[in-house]
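Next come the chains, spelled out residue by residue.
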Amino acid sequence: MMLNMVQALNQALRQEMEKDPKVVLLGEDVGVDGGVFRVTEGLLEKFGPQRVIDTPLAESAIVGASIGMAAAGLRPVAEIQFMGFIYAAFDQVVSHAARLRNRSRGRYTAPLVIRTPYGAGVKALEHHSESTEALFCQIPGLKVVVPSTPYDAKGLLTASILDGDPVIFLEPTKLYRAGRQDVPEESYAVPLGQAKIVREGDDITIVAWGAMIPPCQKAAESVENGGVFPEILDLRTLSPWDRGAVLQSVKKTGRLLVVHEAPRTCGLGAEIAAHIAEKAIYDLKAPVGRVTGQDITVPYSKGEEYYYPGPERIIRGIKKIMES
Amino acid sequence: MIEQFDPIKGERLQILSEAGSADPKLEPTLSGGELKKIYSLMVTTRAADIKALRLQRQGRLGTFAQSLGHEACQVGSAMAVDRKDWVFPYFRDLGTFITLGLPLKNYYLLWMGSEDGNRIPDGLNIFSVTVPVATQLPQAVGFAMALRYRGESAAVVAYFGDGATSEGDFNEALNFAGVFRAPVVFICVNNQYAISTPVSKQTAARTIAQKAVAYGFSGVQVDGNDALAMYAATREALEKARSGGGPTLIEAFTYRMSDHTTSDDASRYRTKLEVEEWSKKDPIERFRAYLNGKGLWDEPFESRINQEAEDLINRAVEEAESTPPPPPEDYFVHTYKDIPSQLKDELADLQDFLKEGSR
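Chains A and B, in that order, give the protein sequences.
Mapping of the first sequence onto my numbering: position 90 corresponds to residue 90, and the numbering continues sequentially without gaps.
Mapping of the second sequence onto my numbering: position 333 corresponds to residue 333, and the numbering continues sequentially without gaps.
Read the hints as simulated data drawn from the structure, not as lab findings.
Because the structure is a prediction, the values reported are computed rather than measured.
Don't be surprised by glycine CBs; every beta carbon is placed ideally from N, CA and C.
Where hints are given, some of them may not hold.
Heads up, incomplete: computed chain A residues facing chain B, CB under 7 Å, no partners named [as the list claims (entries may be wrong)]: (1) Met69; (2) Asn102; (3) Ile139.
With these hints in hand, go ahead and build the complete structure from the sequences.
As structure tokens, this is what we get:
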């Protein structure tokens, strides 16, 4: 069936809720309204208010209550309306969801999913364009997942709901309705922790995720005319990330460009670059490069282009590495 | 009974007078054996607390928060908890743990610096101890919502201090609990201080109990040095919660007789006179007078329970001190359900390093 990402996510939620009564949804406007992006549309009608819970405006309690529910054996899927509002729940995520298993030495765990739309490029208000995934990648005990296609969105969300650990599930706002893809009707899981080769090539490895995948693809098409064949890896899971796949690709191509829309400093690109420096520096034919968001607050819509990496900046990044 | 005491009018539930006589209209029906058990648990709590302080001063136990003066709040309320109920403690809850049957070894081990102590044994419905103030409250509410969703007639008790009521999570949790009528009992141990900050600087409200009104459920202020009142209020609130009546806020009005923690010096911010005044309201002495009046207390009983407490404590200290520190892999395997490859690499590297060091 041809689905966009919103529909694919909705289908994953619906199917997991059908299979397992322990799966419950909670968040602001997830019920009657079906979520501000309509990801949870129709689920209240189907599963009732005990399982699709419209909550008060209280991010910390949404996550805190989810931790309690998860510890009690449910499989809560919480929605934080925008990533820019997740900081009110940061303490619950970092101090508790991530630590409960270790704190209790395995007696209590928090297998919950926190879904949240993230990312710039949609001309939104302030706080609606955040991409602060690295904050969560730094925290032991959390998993961080970002899909870039409807197929992966469904499979990764299914895997996240089934996973035994807390998952921060970042949904690229820009790709919610960017296109349709043939998505299988039946339920399936895309394993967490595995990158995907989006495009094979021999000359340079591009590592990216989420909303950066389409501009990377455009950039690759463009440089291929000049005889440069990039290999694009969609990381899909940012923590724990697929070190093996990145290493293997870099050993083949000898060049690495990391692309992310988050600010550059202490972004996940820094960790990927450092890992390659530790494990494969002698395989490199050129210095590692990064094309990222700037180290500035995400601008309002009029300044977005200064911040947001598009195909042209990525092409420039590729050329710089190829020419060095 | 809870409804009879309006916190906004400054009414407080008290069953035992300071001299130890019970209000016959309010006195709960407890057998002689149960009353003696409450007393014995309070005595054990105080002895275990004093022992922990001694161990800390000798460098055998780390920083911890003493429970001195809180015996009635903790033991009285925990006596009302059923085995099927769940308890979300805070970090000053020794008497609660002892009453619920947590091995004392766990308590000592925890403050000696081992996560093993926070591994609550199977079958005991106690959540692991955590430090960030008030953060357990939304979790307790979610847990309570899950119990109801699964159709269990059990409730959750969440403990916290007066300082916690200033935190955002207190507001979010009580508001959630009210909106969803969650089966949860909030027990605020108002011991007058959050480290150095007096309760008058936490809130301009006359009582903490009255805050419940704004969330749409009942709140009651209870004499926290009165074990009978704590028992009766908690029992009623739990019965209400289990039968679908929603949450209750209980404010246990008491006093922290100790420093905040072993790293604190309370003489910097409160007077000796104030402490002396409160020491006259000692919860254990009050309960002893009550038992004595009922003919349930005598010297041989007193020395027997003290001896039993001492034996229990010595055994627990011995067990805790002879427990080896957790091996390095314990810290790695409990981070995720399945250990990711980079954690395996880090563990292997740590183990190599440790081997190199021992050569």
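Results of checking the hints against the structure:
{"no.": "1", "hint": "Met69", "in the structure": "holds (4 Å)"}
{"no.": "2", "hint": "Asn102", "in the structure": "holds (4 Å)"}
{"no.": "3", "hint": "Ile139", "in the structure": "violated (10 Å)"}
Of the numbered hints given earlier, the model fails hint 3 alone.
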